[in-house]
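> Protein chains in written order, with my numbering: chain G, 159 to 459; chain W, 159 to 459; chain U, 159 to 459; chain C, 159 to 459.
Worth flagging that the hints you see were computed from the coordinates, not collected in a lab.
Mixed in with the good hints, there may be bad ones.
Put simply, identical chains are the same to the list, so a pair is met inside one copy or across any two.
[What the hints assert, rightly or not] Taking lysine to aspartate or glutamate pairs in the EDC-like style, the calculated list, with each CA pair at most 16 Å apart, reads:
1. Lys250 to Glu265
2. Lys319 to Glu342
3. Lys319 to Glu339
4. Lys370 to Glu380
5. Lys323 to Asp338
6. Lys319 to Asp338
4 protein chains.
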Amino acid sequence: MNLDTLLEKNLNDCRTYILKGKVASYIPELEKVDCEKFGICLYTGKATHCAGDWNIPFTMQSIIKPIILLLALQDVGIENIRKLVGIEATGKPFDAFNYSDQALKSEHINPMVNAGAIALCTLIKGDTYSNKFNRILKFVQDLTGNSALGIDEKVYLSEQKTGNKNRALAYMLNAYGMIDEDVENLTDFYFRCCSIKATCKDLAHIAYILAKHENKGIVSAEDARYVNAIMMTSGMYDGSGEFALNVGIPAKSGVGGGIMAVVPNRFGIGVYSPALDNKGNSLAGRKLLECLSKQFNWSIF
Amino acid sequence: MNLDTLLEKNLNDCRTYILKGKVASYIPELEKVDCEKFGICLYTGKATHCAGDWNIPFTMQSIIKPIILLLALQDVGIENIRKLVGIEATGKPFDAFNYSDQALKSEHINPMVNAGAIALCTLIKGDTYSNKFNRILKFVQDLTGNSALGIDEKVYLSEQKTGNKNRALAYMLNAYGMIDEDVENLTDFYFRCCSIKATCKDLAHIAYILAKHENKGIVSAEDARYVNAIMMTSGMYDGSGEFALNVGIPAKSGVGGGIMAVVPNRFGIGVYSPALDNKGNSLAGRKLLECLSKQFNWSIF
Amino acid sequence: MNLDTLLEKNLNDCRTYILKGKVASYIPELEKVDCEKFGICLYTGKATHCAGDWNIPFTMQSIIKPIILLLALQDVGIENIRKLVGIEATGKPFDAFNYSDQALKSEHINPMVNAGAIALCTLIKGDTYSNKFNRILKFVQDLTGNSALGIDEKVYLSEQKTGNKNRALAYMLNAYGMIDEDVENLTDFYFRCCSIKATCKDLAHIAYILAKHENKGIVSAEDARYVNAIMMTSGMYDGSGEFALNVGIPAKSGVGGGIMAVVPNRFGIGVYSPALDNKGNSLAGRKLLECLSKQFNWSIF
Amino acid sequence: MNLDTLLEKNLNDCRTYILKGKVASYIPELEKVDCEKFGICLYTGKATHCAGDWNIPFTMQSIIKPIILLLALQDVGIENIRKLVGIEATGKPFDAFNYSDQALKSEHINPMVNAGAIALCTLIKGDTYSNKFNRILKFVQDLTGNSALGIDEKVYLSEQKTGNKNRALAYMLNAYGMIDEDVENLTDFYFRCCSIKATCKDLAHIAYILAKHENKGIVSAEDARYVNAIMMTSGMYDGSGEFALNVGIPAKSGVGGGIMAVVPNRFGIGVYSPALDNKGNSLAGRKLLECLSKQFNWSIF
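Work out the full structure, taking the sequences as your base and the hints as a guide.
Pasting the structure below:
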């Protein structure tokens with residue numbers, strides 16, 4: 159069997175997990191997706207291997223977090239980023255108030271959880287949040303090689319309407335002096351970033367750049383390693399340890415149902431299945447990666 | 159010595175504590191107060207006994223919390239209040255995110271901490287927040303018998319400018335479905351309530367009503383007991399246990415430097431000294447009440 | 159109707175709450191009690207008013223906590239006690255690890271929660287824990303005027319067998335340098351204290367001494383106030399706020415089903431009903447006190 | 159320059175970090191070590207490359223944790239382990255009470271923190287703790303190929319004397335029904351495991367087995383991956399994220415000053431320098447691995 163056939167086979171074998179997951183409901187518009195959609199794309203630089211609904215666009219949601227980190231690394235450098243956010247896993251869900259004993263410290267948040275990602279948004283260069291957004295959209299277009307990428311307006315408006323927890327996090331960051339921003343502008347920017355639509359193929363292309371450290375004009379090897387390392391320890395929220403054990407590669411999930419996974423030095427992968435596990439990760443997507451990793455020895459451990 | 163002379167003497171004895179406290183700095187406008195001001199007023203229904211700067215107005219700040227609770231009790235009744243907020247001491251500072259294991263429950267907040275007081279503001283009747291504010295201002299005027307009471311515009315604007323933690327709390331309440339309100343309108347109302355100016359004499363008059371349960375047209379005995387009980391267990395923030403031990407009467411402090419204290423069945427007291435202890439309570443004010451309570455056996459224990 | 163008849167009537171009215179409670183199960187021997195037993199005793203110094211099973215002995219459990227505090231106050235004084243334990247409500251259950259951000263501080267525990275009571279045991283004078291126990295047993299006998307008081311051996315052995323959480327708390331106190339004790343000896347002492355048997359009448363006699371501050375040979379007025387104040391804010395665990403609101407008097411409950419309640423300056427009360435609410439307080443006992451407090455205006459607020 | 163010379167050079171360059179660290183003091187005997195000792199050993203299966211004090215034995219301390227996990231995996235299998243402990247990073251220090259909202263759940267602890275490692279000790283096969291210990295000591299001897307390995311009696315006795323936090327954790331595990339063990343026997347076993355002495359060379363040999371998955375008679379590839387994955391996300395305590403970013407390989411540190419590091423598919427490393435950073439990891443050891451990883455591209459990201 160060739161790789162495309164094997165991807166198809168594994169995808170079909172994992173379909174059963176779709177029913178055990180649950181589509182995200184806290185953003186009402188996300189609930190409307192077709193939870194039967196299931197796709198994968200693997201990009202090796204030379205070839206593209208796909209199966210299922212690899213060409214259906216979905217909102218990136220938290221998969222934008224490593225991209226925000228990458229652009230911030232380019233814009234202001236590691237030192238400035240580390241002044242604002244930490245690097246350690248929080249041991250808590252993605253939307254937690256990582257706050258204890260009446261203190262909020264940069265070391266308690268990281269770029270892979272909401273509070274950290276929102277904080278990083280303030281470091282993206284741009285006179286206005288409109289300019290900042292144009293820059294990050296352009297960056298995603300460059301990373302994917304897909305200049306047609308844009309946002310899902312309905313999801314964006316839905317997030318904006320229901321994003322009170324993110325507003326609470328942003329005001330908390332302000333209150334503790336970590337940022338000094340207009341919360342409406344800041345969260346609007348963040349909601350727009352989360353609403354950028356991509357396909358499995360788009361994610362595979364980004365992941366490939368992170369895997370190969372080749373296209374240094376876009377992403378330096380050092381920055382790619384930063385992102386891969388933090389995806390390894392925190393990319394799947396408080397399911398990162400389980401993922402490290404069962405799949406063994408850096409990855410980032412989004413509540414839209416996507417997973418972007420990096421097989422270092424080898425290739426990039428995008429997966430999509432919108433029904434989530436109780437940690438907020440695509441359930442069937444995670445299981446598919448698990449099966450493939452075991453068959454093809456993708457684990458880096 | 160008569161009571162006025164004794165108040166004067168004790169007040170002078172406690173002046174030394176002023177230097178050990180610190181004026182609240184998180185609302186910049188509050189820092190500008192004259193921290194040497196120190197006053198007390200005791201109202202027995204028949205007589206008014208005063209000493210020091212009893213006639214200097216200061217912003218009520220958290221002393222408005224029991225008033226918000228009283229008006230909410232009248233407006234919607236105990237059951238509706240208990241659906242929204244709890245009654246137990248939180249064991250944490252007044253501005254804490256009383257939040258644990260990713261849950262925010264009504265039983266984790268109470269009307270004497272910021273999150274609970276902000277939640278209660280939504281229960282005050284009124285078509286608009288402007289009407290709600292007129293009602294609560296009128297209520298404070300009725301309780302004090304002082305129809306000239308109004309707000310300190312500078313402090314109000316300063317709170318509004320720096321009140322990000324309260325906005326974060328309000329968005330958190332929204333995010334957890336406990337309230338469903340426009341946060342800017344809600345916090346603006348809360349900031350205005352906190353900025354109402356009163357003197358020691360005004361506070362003594364409110365406390366008298368809570369102590370005597372007589373003027374039932376204004377406050378019912380049942381509502382007064384509710385407020386006295388919760389002030390006993392939570393009125394001095396996470397210094398309430400210490401205050402119960404050393405003074406032994408229900409009281410509510412504000413970061414403006416005021417303390418409103420109730421000697422049940424006997425009289426009401428207002429104290430003012432803006433330098434605070436590390437829990438956010440007026441330090442010299444607390445010490446003055448301690449000295450007087452011991453001399454005159456005010457403790458209800 | 160005279161008071162005894164009224165007590166009887168209220169007790170019968172409150173019997174219905176027995177079924178809504180649940181006998182403590184974490185100490186297996188406690189589960190064997192007859193949950194239908196329900197009694198009350200009120201002691202005014204001149205007269206004793208009783209109803210129901212006021213003469214059935216039960217283990218004091220946490221009701222020993224204020225007694226440990228009283229004896230420690232006499233043995234080492236307030237300053238030494240305050241070096242070891244705090245005074246504020248913890249906002250958490252009685253058996254909590256009151257521990258945050260990797261720190262355990264005296265201010266985070268108090269004499270009414272297990273960690274604080276266990277810490278206080280180390281302050282009781284006595285060469286050996288056997289001597290310490292003889293002293294506290296004698297003290298309870300003096301407070302109750304009942305020289306026949308002793309421990310329930312079966313409950314004591316059951317507690318000793320299952321008291322791992324208390325051992326964990328004691329080791330934690332040792333690990334944080336708050337105490338320096340042999341944990342087996344210390345917890346054995348604590349388990350024996352908790353297993354002292356008393357009746358409603360015994361509790362009413364202790365409470366009377368706390369209420370009247372008269373028998374200063376046994377308890378000084380100052381120490382009685384300390385205990386009453388801390389029972390008010392923390393005596394009913396994380397149900398203390400509710401109790402302050404609905405009953406309005408200092409009280410201490412035990413998971414054995416007893417409640418000792420103090421009506422300051424007036425009289426002492428003992429109640430017994432072993433089925434507990436979800437906070438660990440006697441449910442029917444609490445409701446009975448609520449009914450009586452409302453009828454007879456016992457609330458100190 | 160050959161590799162041995164390069165190791166020597168890097169080791170000397172990193173000596174400056176020794177002064178910035180601090181030898182562990184909570185186990186008194188550990189404080190007596192010579193903090194100038196600094197060594198490294200790298201084992202490729204074919205060759206051994208060493209520098210500095212690579213042949214000085216030190217106590218393994220937490221480096222025994224992955225060994226306990228390996229033996230438990232062999233003894234009872236993954237399913238039984240996962241019933242008892244989780245896999246996620248806790249976001250907290252190694253000795254934390256990973257406890258929240260009055261609950262202790264297996265998912266809140268993992269084999270790389272004290273509570274989890276102590277829990278796993280109960281799964282090691284053996285009629286007595288003496289037999290269990292003989293089995294784990296033999297296992298370490300097999301993994302290192304060093305049959306002379308034994309424990310440091312003084313450190314063991316010192317740990318036993320001061321290990322109250324571990325006793326507290328063990329009683330907590332008992333209290334929450336996660337284990338059902340005699341705490342003294344259990345912690346004694348754990349203290350003995352932590353006191354096993356090894357050199358950098360010994361650690362390099364263990365790490366080699368984890369890296370190459372070759373000697374399947376000793377460790378299966380599946381078990382090695384489990385251990386490597388969890389060392390990646392949690393092996394350096396709450397400094398694991400930083401280590402993933404800067405070094406990029408699975409590793410486990412001990413407060414004795416050792417670090418065992420695995421370069422998957424390539425080789426194993428042992429490092430020793432007893433002065434620790436504020437997370438409890440060898441500071442100079444960590445920096446040395448960082449320098450070498452950057453020069454030789456060891457990062458798996």
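> What hints, given by number in increasing order, does this structure fail?
none
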